[in-house]
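Protein chains: 2
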Amino acid sequence: MRQSKLFAKTVKDIPNEEKSINAQFLIKGGFIDKTMSGVYTYLPLGWRVLRKIEKIVREEINAIGGQEILMPALQPKENWQTTGRWEDFDALIKVSIDEEEKYALGPTHEEIITPLVKKFASSYKDLPTYVYQIQTKFRNEARPKSGLLRGREFIMKDLYSFHTSEEDLENYYQKAEKAYEKIYNRLGIGPLTYKTFASGGVFCQYSHEYQTITPYGEDTIYLCEKCKVAVNKEIVIKEQGGIPECVECGNKKLKEIKAIEVGNIFKLKTKFSESFNYQYTDEKGKLQPVVMGCYGIGVSRLAGAIVEIFHDDKGIIWPESIAPYKVHLLSLGNDRKVAEKSEILYNELLEAGIEVLFDDREESAGVKFADADLIGLPYRLVVSPKTLEKDSVEVKKRDGDKEELIKLKKVLGFFK
Amino acid sequence: MRQSKLFAKTVKDIPNEEKSINAQFLIKGGFIDKTMSGVYTYLPLGWRVLRKIEKIVREEINAIGGQEILMPALQPKENWQTTGRWEDFDALIKVSIDEEEKYALGPTHEEIITPLVKKFASSYKDLPTYVYQIQTKFRNEARPKSGLLRGREFIMKDLYSFHTSEEDLENYYQKAEKAYEKIYNRLGIGPLTYKTFASGGVFCQYSHEYQTITPYGEDTIYLCEKCKVAVNKEIVIKEQGGIPECVECGNKKLKEIKAIEVGNIFKLKTKFSESFNYQYTDEKGKLQPVVMGCYGIGVSRLAGAIVEIFHDDKGIIWPESIAPYKVHLLSLGNDRKVAEKSEILYNELLEAGIEVLFDDREESAGVKFADADLIGLPYRLVVSPKTLEKDSVEVKKRDGDKEELIKLKKVLGFFK
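Note that the protein sequences, when read in sequence, are chains A and B. Position 42 of the first sequence, counting from 1, maps to 42 under the working numbering, and the rest follow consecutively. With positions in the second sequence counted from 1, the corresponding number in the working numbering is that position plus 1000.
Keep in mind the hints are simulated off the structure, nothing from the lab. Please note that a few of the clues may not be correct.
Claimed, not checked - Pairs of lysine-lysine, DSBU-like flavour, derived with a Cα cap of 35 Å: (1) 19(A) x 1137(B); (2) 1119(B) x 271(A); (3) 1028(B) x 1337(B); (4) 1182(B) x 1271(B); (5) 1175(B) x 178(A); (6) 9(A) x 1077(B); (7) 12(A) x 1028(B); (8) 102(A) x 1175(B); (9) 1034(B) x 9(A); (10) 118(A) x 1119(B); (11) 1119(B) x 125(A); (12) 175(A) x 137(A); (13) 1077(B) x 1028(B); (14) 12(A) x 1182(B); (15) 341(A) x 1337(B); (16) 1226(B) x 397(A).
Since this is a predicted model, take the numbers as computed values, not measurements.
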C-alpha cells in the first residue's frame, strides 16, 4: 500500500478525554477514529490488525472443532425474560419499536445459542457440539474511557460448547485452554499471559480469565511463579479474606503485579439449559440436562490490549503476526534515483508476497521516521541518497536499536 | 466436513409465515435459522455462502482501489439531524439510553463516512479516494416477508467515493459498473443481470439498480435487448407516463419481465458533503464542494436472491463459486467396504484441497439423496455396493440430469 494513497493519515490532535495509551496511539497512528464516546471506526490499518487477530482466533477455534455461525445483534426480549436477564443484566441496551421495548442489542449470545442448539441437538448422538461466532456486541458502558478495552460497541469471538456430562465439559474445557494458549502465543503475548482464577458472581468457582502482565493493566493479579497460574486480586479480597495464596499449591509467596484481561472462559453447566428447558435423550431414552461451557475472546479488546503491552514513548510495537504490514519502506528526499530505486524495491517486495507500506509521501525525513515509529511495523527499510551510495538500504527492527545496511539485491533474501 | 458432525441439520417443518422460496429452502437446508421476524441466524452452511460472497465482493472492490474499514452500527443522533434524516428516514431504528433517544442503528453510513473522510481528505491532493465496508445494517421493515431479501438485520457492502468534480465521479462510476459486472459474473448471475434505470426519489436521475431476471422477482423491468439495459416499471409509470421506452436508444419494443434487485449505485453528488460542509481546497487555494458517489451490494440479500434464481422443486442449485462445498460425498448402505472406501475418498479429496461435505450419517439412501438435492452442492458423488462392484463412484452435477460412473482412482483427476 502506498501511504500517499491511504485516506486515513496519522494525526496530531486527539480528543482530550482519550487518556488510555491504546486510544492515544491508535488514533494518532490512523488505526481508529473516535465516532463518539465508546464507539470507534476501524480505519484501514486498524481493520487489517483486527482481521489478522480474527484469522488467528478462527483457525485455533476451528482446530478444536468449533463450527462458525453468525447470530443476530437484535435479540428477542422474550429470550432475555426467559433467563431473567432482561431486568438483571446491567449494561443491556434495549431497543424500542413504536415505543414498545422489543429487542435487546446483544451484549452476549447465550439467549440465542441455547434455544438454537436445542432445536438441532436433542439426542446424546448429537452431543458434544461446539459452535462459535465472531460478532459485534453492545454494552451500555456508563463511562467508556479505556479506548478499545471497554467500548459500547466491540467485536468478540464467543464459543459455546454443549455436553452430556460435566466430565465431558471438563475435557473440552481443557482443550479450549490449550487453544487459548496457542492463540496468545501466536499473538506474541503468550509468555506474559497467565490463566487466572477469576471473580465473577454466579460463575465464581467455574470461571477463568487470561491476564497479560503489563504495568498499564487495569487489574491486579497475584501470580504463583511455581504453578504459572494467578488469582485476581478481587477474588482474593472477596473469598480468601485478604491473604493471597495460590489456588493450586497453597503457596503464599505470590507476586503482586498489574495485568490486563485478554479472554475468559466459563463453565456455565446447566444455568442456561435449565432456563430454556434444554434436555437431551440419553442412551436409555431418559431426558437429561445439557451441560454448557462458554469461551470468550474480545477481538477488538485484544488490539487495544496489545498496544498497551507493546509500545514505547514513540509509538506502537506490533507483533509480526498482527502488524497491518510487515515492512515500512521509507523513501527519503527528492532525489530521482531514490524515487526510482524505492519504486523498484516496493514492487519486488509486493511480488515476493511481502506485505509492505510504502511511504512515498512528499514529507521530511523527520516526519517519516516519526510516523514509522508511531505506526510500529516490525521492519523499517530506508532508501536515501546515502544508502544508495553503497547500493544498499538501511534496515531497522522496530523493537531493536541497531540499524544495518543491506545490499539492495539481498533485501528479498533477508525476508525469506 | 462430516455431515454427522454438522450441528445444524436439514429440517422438515418450517415457520408457516415463511412464504418466500429463499427462506423455505435456506431454512429446510440448514443454512439459516429464523430468530424472529426479519432476523436470521446464519448456520455453518449459510455462513460459508456469505463468506464466499463477501470474498468475491471484497476482491473486486479492492481491485478498483477501495480501502476497507469498519464503521459502527451505533451512530450519533446529531449526525442524522445534520442531514435531516433523523426525522425523514422511515425505517430508522432509534436507540434510547436512560429514556433519551441517543443513537441511530445504522441502516446506511453516509452520516458516518462523510464527516470521517472530511477529517482526512481536505486538499485536492487527497482526492479522489474510495472507502468501503462490509457491515451489518438495521431497518425497521414493517412486515418482513421475503426471507433474506428484506430483513430487519442484514449485511451490506457499501462503497463511498469522493471526488473533486462531477467528471471524476462519472469516470469512477463507470469503473464501479465494471466491477459490479465482474462480481455478478463470478456469482454466476452475470448473463441474467441488467443495469436498470431506477426510481428512487431525490436520486432519481442519478441512480441505477442491477436487476437479475427471474420469474420469482419482486420487481418488473422493461428490458431493451439491443442495449442490454432496462428500466424499472415504477419509473416508467412515474416519469414516462406509462409508455415504456429504452432510456438509451428510445426503442419501444421492450420486454416486460420479472426481476430481483441485486445492487444499486448512486451519484450522491454534493447532497451529503453540503450537509456536513465538506469542501476541499483546490490548486488555487479555493474551497470547492466535494462530489460523492455510493455503491451498495446486499451480501445477505444476494444469498437469498441466488436461491430464488437458481433452484428447482427439490432444492437449491448453488453456483460453484459460492456453494458452501464443491462436492457432496454420499456413502450409501451399511456395507463395511462402502464405509472404508468412502473414508479413503473423503480424505483424498480433503488432501487435494477440494471442499467436500461427507454424508456419513446412518440414514437411508432416500434421505441422503433428498438432502443432497435440497442442499444443492454442485457435484454429488455416490459410493455404494453397486458402484464399488465396478471400482467406481457415481457422479452427478446438481444442475444436470446425467449420472456417470468414474473409476475411484480417477476421481481426483475429474476435479482437477
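Going through the hints against the structure:
| no. | hint | in the structure |
| --- | --- | --- |
| 1 | 19(A) x 1137(B) | holds (31 Å) |
| 2 | 1119(B) x 271(A) | violated (48 Å) |
| 3 | 1028(B) x 1337(B) | holds (32 Å) |
| 4 | 1182(B) x 1271(B) | holds (29 Å) |
| 5 | 1175(B) x 178(A) | violated (48 Å) |
| 6 | 9(A) x 1077(B) | holds (26 Å) |
| 7 | 12(A) x 1028(B) | violated (55 Å) |
| 8 | 102(A) x 1175(B) | violated (43 Å) |
| 9 | 1034(B) x 9(A) | violated (42 Å) |
| 10 | 118(A) x 1119(B) | violated (48 Å) |
| 11 | 1119(B) x 125(A) | violated (57 Å) |
| 12 | 175(A) x 137(A) | holds (26 Å) |
| 13 | 1077(B) x 1028(B) | violated (40 Å) |
| 14 | 12(A) x 1182(B) | violated (40 Å) |
| 15 | 341(A) x 1337(B) | violated (63 Å) |
| 16 | 1226(B) x 397(A) | violated (61 Å) |
Checked against the numbered hints above, the structure violates hints 2, 5, 7, 8, 9, 10, 11, 13, 14, 15, 16; every other hint is satisfied.
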